[in-house]
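Now for the letters of each chain:
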Amino acid sequence: MKRILSVILAALLLTVHCLAIGEETADLETIVTIVTAPEQTKAERPPCFPDPTADFVPLPETENLALNKTVISGAHTDVYVDRNVNDGKTDTYWESKGFPAEITFDLAGEYSVSTVAVCLNPSSIWEPRTQEIAVQVSLDGEHFTEVAAPEKYQFDAATGNRIRIDFDAAQAAWVKVVFTLNSSSRTGGAQAAEICIYE
Amino acid sequence: MKKGMPLLTACLLILLAVLPSAGAAQTQPTRLTLYEGPKTMRSSADARVSVNGYDLFVYDVMVNHEHIWNANTQPVTTPMTYFDFEGTARIRVEMPGLPQAVESAVVQPYACGITPEVEGGAVTFTITEPGQYTVVFNGSVNKALHLFANPLETDVPDPDDPNVFWIGPGEWTMDAIALTDNQTLYLSGGAVLHSIISIANASNVRICGRGLIDGSDYPAWNQPGSYARVPIDVNHSKNVTVEGIGIVNANCWNFNSYSSRNVTVDNVKIISGRQNGDGFTLQSCTDHVIANSFARTWDDSLVIKNYSGSTKGITFRNMQVWTDLAQSMEIGYETDKGLTLDPEISDVLFEDITVLYNFHKPVLSIHNSDDAYVHDIVYRNITVENAFMQGDNGNNKELIEMTLQNSAWSTVRDEFGSIDRVLIDGLTVIHTLEDKVPRSRMSGVGEENRITNVTLRNVSILGKPITTLKDLKLSTDEYCDGIVIE
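The listed protein sequences derive, respectively, from chains P and A. For the first sequence, my numbering assigns the number 1 to the initial residue and increments by one for each residue that follows. For the second sequence, my numbering assigns the number 1 to the initial residue and increments by one for each residue that follows.
For the record, the hints were derived by calculation from the structure and aren't laboratory data. A quick note: this is a predicted structure, and the numbers were derived from the prediction, not measured. Just so you know, not all the hints are guaranteed correct.
Stated by the list, open to error - Taking lysine to aspartate or glutamate and the EDC-like style, the derived pairs with C-alpha atoms no more than 20 Å apart in a straight line are:
hint, chain 1, residue 1, chain 2, residue 2
1, A, Lys39, P, Glu127
2, A, Lys39, P, Glu39
3, P, Lys176, P, Asp156
4, P, Lys42, A, Asp217
5, P, Lys42, A, Asp175
6, P, Lys42, A, Glu94
7, P, Lys89, A, Glu36
Claimed, not checked - One side of the interface only, derived from the structure: several residues of chain A facing chain P at Cβ under 7 Å:
hint, residue
8, Cys112
9, Ile114
10, Val118
11, Gly170
12, Trp172
All C-beta atoms in this analysis are idealised placements derived from N, C-alpha and C, irrespective of residue type, glycine included.
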């Protein structure tokens, strides 16, 4: 009797096993959704993020007199040295260690200047902030005259994270930019990716 | 006869119980969602993968088989693909990119119990549960296939909602995306986004979808002219959810959360082969749950540090980890980088973690390298499938390491902290180098700076229960108290 029962048991187990195998080998009924890709020839800007450059603060198209000129400043934070401020790149920046923070450009010649632009990285990950900035000029590098009094300027990625300070034209061989406030919670110093000086 | 009747009855009952479920599986159709790759990209030449007869787009993503730090390392690629499903998915894989035809294959995690068929160089197997699967061919991790079988999407945001940024399939690029309060970024399956996402000083932010954030456009962060571009960077934010997406080819850390709270990560897949490619790294965070996710990294995979304040209430649950460099589950080294008062790291849970491979440094590590009080740390149900720590010139090869020493990453050098109340409940190590039990190590630094009350239980290595500290090859110094194994 035990043998009969063993045979029945074996048959039952085989049946269950075959059902499982049959399930694996049968055509699987499948409902498919295929998410198709658009026609593209290169990576594009996502349409949900319109290009903001049209709203950027315009800068003069004349020569940037500060570019690659000698620059002098006080202490900086971490690796954010002052030579970053006129290297022509907005993905490097200068950050002072505290306030007030002065940064002075030797223009290597005398010019009539009327605009200073201060730029941060235009990326939207640089959240909006306010910096208080003044501009002074000098012909000898020692005696400076204020041409733009301290004023608070709003930096916002929506306008390129840059501001311009326009003032009455003044003769200058040296230009000093003085920062006295930065509202960003990430730093205790002034920040500038580029400072540009124009006639 | 009477004696045999109960047995026969039992068999009939088993059959009756099994039949309906088998029949139900056949009548319930499988639902598949497949995503075309961008038209600007080609599917991998190394791997061809199909599911239920439908071809999948396969991405080549950076990984790194160099298991020692090299500032100028050069990653290689491995195939990765994904789809969404519910039901039964029959996977077929061919690997034309391998130097030899496929003769054997293993599907990991081992616990999924899948034995693939290999015939004519093709590998086939069936899955019935969404999950993250890795297929290793011919006994080598070279060109291992990562297959992410997602659940079908739910709770897809409304593209017409003004607070939703909807990125569809295709290849996209922009410098950076900053998300602010109450905003959602949806990254569709089939999308490849070359950008970084910043969530700073924001609350109620969500990132979801099935698409990829791809850092391959940027050189490694430490190369001339480059800088760190963290794909997802959460900073001083709260109530943030990240779900479903993949992060590949990052040029530095992958997912970073800093001084944030109430952050949830679900089903996020990270594959990284470049310098300092840490996986999920949390600094000075509170109340984070990182779950159902995957990290293959070329630096620490699951990381907790203190950069500015204390850490409390962190859970890593149901994670898969493959660590090509450094540690799999690392607390430290920085535990007080921000020089804060009374820094702590506490209430941390690593639960249901499967380490597919750990090639370099310890699997479980607490390196209290500053002066923090690290306490109430629980590791529960940890499976290490391949503990292959080669270390650095003979050092750092431990399975478990807890230390209070100074290190290259110390900020506080003249004071030390302590480690107290650590529970390791369920640690299974399946394979090791040369089939030997790896060493483990705990060391304090002084009478006031000790490692205390560490309990290990349910530890098994190479199939054998480990019930003594000697069998665990655990070394302790005079500044360790209450280290017990049950």
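Self-check item: Violated constraints from the hint list, given by number and in increasing order
Solution: Hints 1, 3, 6, 7, 8, 9 and 10 contradicted; others consistent.
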